[in-house]
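Undergrad: Sequence:
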Amino acid sequence: METTTRAAAASAADFARLVRAGCEDYVLRGIGLPAVAYVFHAVKIVLFVLGWAYFCSFTPGLGGLGDVGRWWSEPVAFQKAFLWACLVEVLGFGCMSGPLGFRILPPFTAFLHFLRPGTLKLAPFPNLPLFGGATRSWFDVALYAGFVGSLVRALVAPEPGTAELLPVVVLLPLCGLGDKTVFLAARFEHHFAMIVCFLLAGEWIAGAKAVQLAIWFWAGVSKLTVAFGYVIPVMTVNNPLLRSPALRRRMFVSYPDDLRPSLLGKLMAHAGTALEFGAPLVLLFVTGPGPLQVCGIALVLLLHGFILSNMPAGAVFEWNLLSIYAAFFLFVGHPEVPLSAIGSLPLALFLGVVLVVLPLVGNLWPERVSFLLAMRYYAGNWPWNAWLFRGDAYRRLAAVKRVAPLLREHLQRFAPAEAASMDSRGMAFRSLHLQGRALGRLFPQAIEGRPMRDYTYVDGENVAASVLGWNFGDGHLCNERLLALVQAQCGFADGELRLIAVESQPLLGNALRWRLYDAARGLLDQGEVGLDELARRKPWDYGPAQCTTASSSSAGTEANAAGGAGQPPRR
72 METTTRAAAA SAADFARLVR AGCEDYVLRG IGLPAVAYVF HAVKIVLFVL GWAYFCSFTP
132 GLGGLGDVGR WWSEPVAFQK AFLWACLVEV LGFGCMSGPL GFRILPPFTA FLHFLRPGTL
192 KLAPFPNLPL FGGATRSWFD VALYAGFVGS LVRALVAPEP GTAELLPVVV LLPLCGLGDK
252 TVFLAARFEH HFAMIVCFLL AGEWIAGAKA VQLAIWFWAG VSKLTVAFGY VIPVMTVNNP
312 LLRSPALRRR MFVSYPDDLR PSLLGKLMAH AGTALEFGAP LVLLFVTGPG PLQVCGIALV
372 LLLHGFILSN MPAGAVFEWN LLSIYAAFFL FVGHPEVPLS AIGSLPLALF LGVVLVVLPL
432 VGNLWPERVS FLLAMRYYAG NWPWNAWLFR GDAYRRLAAV KRVAPLLREH LQRFAPAEAA
492 SMDSRGMAFR SLHLQGRALG RLFPQAIEGR PMRDYTYVDG ENVAASVLGW NFGDGHLCNE
552 RLLALVQAQC GFADGELRLI AVESQPLLGN ALRWRLYDAA RGLLDQGEVG LDELARRKPW
612 DYGPAQCTTA SSSSAGTEAN AAGGAGQPPR R
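Add 71 to the 1-based position in the sequence shown for this note's numbering, that's all there is to it.
Since the hints were derived computationally from the structure, they do not count as laboratory data.
None of the values given here were measured: they were computed from a predicted structure.
Accuracy of the hints is not assured; some may be wrong.
Listed next, the in silico DSSO-like pairs over lysine-lysine satisfying Cα-Cα at most 30 Å (straight line) [to be verified]:
1. K609 / K337
2. K472 / K251
3. K115 / K251
4. K472 / K115
Build the full structure now, drawing on both the sequences and the hints.
TA: Take a look at the structure:
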């Protein structure tokens with residue numbers, strides 16, 4: 072017993088050194104992508120703008136970038152911007168694509184996955200006839216292809232009307248019944264909500280204003296947690312243009328020993344929160360040219376300009392560019408349209424659910440709503456998962472029909488020297504965030520005293536990217552439900568694959584709920600960990616978990632009886 076304890080302690084110490092080295096390296100050089108990665112995304116932004124102009128050219132008098140100053144405020148130009156953005160996202164060309172989305176070959180995976188029968192999917196109602204199941208059918212493929220085709224049809228129309236917009240609005244919810252991943256990839260809460268406004272209201276600009284104001288407002292609400300103070304330093308030091316090591320170190324209390332956010336980092340975070348609240352509160356009262364309009368647009372430019380200038384991981388460039396255009400179109404091009412002009416009861420009810428109910432529920436009970444639908448963007452307060460494969464057990468994922476392998480498998484093939492360091496930087500990135508510090512608490516507990524060096528850490532985001540074809544910060548896509556689907560096809564033995572699932576912080580709470588699973592045995596344990604406790608830990612503190620446990624050691628036995636991964640123990 073004493074020998075086992077010493078071995079576990081030595082293993083934890085090894086991991087502590089590995090993660091600490093990753094943290095120190097991350098602070099000084101971020102994720103360390105080569106310059107060509109950023110060139111790739113710069114080209115993609117240019118193509119995004121050119122694509123918009125191309126589809127605008129189907130409308131007589133629009134589309135020439137040389138005279139964009141004449142037509143940018145035309146309503147049809149705005150409609151096509153959001154139709155185009157929805158198409159880009161649901162094809163997988165937008166967020167979490169390319170090198171900054173940790174995709175190498177292919178750099179875009181969503182459309183390849185969604186058009187391939189037999190790939191894994193997450194149906195909201197698995198037992199629903201025709202739409203349910205665990206793998207994609209030809210019916211699912213046809214719905215997705217139809218949705219993509221309906222977007223293209225609306226884009227090439229001179230002026231999208233009911234005939235073009237109705238199929239778009241009908242087909243996406245049907246796609247979502249088959250696979251909620253498609254529903255989220257199309258950015259239902261923003262792009263699709265705008266398209267619904269185009270369809271259901273004569274004066275749709277009022278509805279579009281409500282959508283955009285809600286996006287900024289709820290994004291601000293999501294920053295009202297202690298977690299956001301950790302986000303800005305982590306994002307800023309990942310900026311490849313920030314060359315000063317001294318400034319990078321100043322983002323933290325005392326590099327390299329204390330990597331909590333410094334006063335400077337916290338002030339920058341508070342400034343970001345003020346911008347996200349300030350922009351909608353100012354623009355809400357804009358009715359024409361004047362100081363309020365100038366102030367509101369300045370706040371929007373500062374907000375989205377800061378995000379764009381940091382070139383953050385996740386490749387959120389197109390979305391931020393679109394939000395800037397929306398601010399100019401809605402509040403500079405058409406400031407005279409009030410919110411009260413919506414004039415459509417169906418649209419008002421739809422917007423009430425999408426812009427009020429879902430975000431409110433998602434902030435108060437985050438386990439019930441995707442962080443995207445709750446509009447909690449880049450708040451450092453997301454559900455996340457760690458998949459722990461014993462040895463090279465991750466190779467069993469080859470049994471799953473998928474478009475791309477794990478990032479680690481990519482790197483082992485094309486850049487073997489980077490594979491190990493990327494694991495270290497991945498754990499460092501997760502652990503530098505406040506929520507991620509639960510990893511050090513839960514890793515040893517999840518593997519039940521086995522040597523930590525025997526396990527390969529893979530972030531759940533990377534697993535979703537490989538086996539679901541799309542991911543963008545939503546840990547609900549890669550939790551125990553996906554584990555159960557993967558287990559059904561791969562058959563991991565006891566101890567070969569463990570899952571740590573951590574839920575995000577409720578707006579009125581001060582603790583994170585966590586669950587530990589084994590792919591073969593199911594739920595092992597669950598409980599809570601307080602944020603104050605995590606704040607006292609260093610990112611590389613790995614050791615026995617001391618979290619408040621909500622279940623006894625019998626949880627694993629009960630999970631066995633419940634039938635494996637994804638099944639909670641019966642009470």
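Undergrad: Work down the list of hints and note, for each, if the structure agrees.
TA: Okay, the hints, checked on the actual structure:
This hinted pair checks out: K609 and K337 have alpha carbons roughly 17 Å apart, not beyond 30 Å. A hinted pair counts as satisfied when its Cα atoms are at most 30 Å apart, and K472 with K251 qualifies at roughly 18 Å. Straight-line distance between C-alpha atoms of K115 and K251 comes to about 26 Å, which keeps the hinted pair within the 30 Å bound. At most 30 Å may separate the alpha-carbon atoms for a hinted pair to count; K472 and K115 meet this at roughly 28 Å.
Figure legend: structure checked against the earlier numbered hints; every hint is met.
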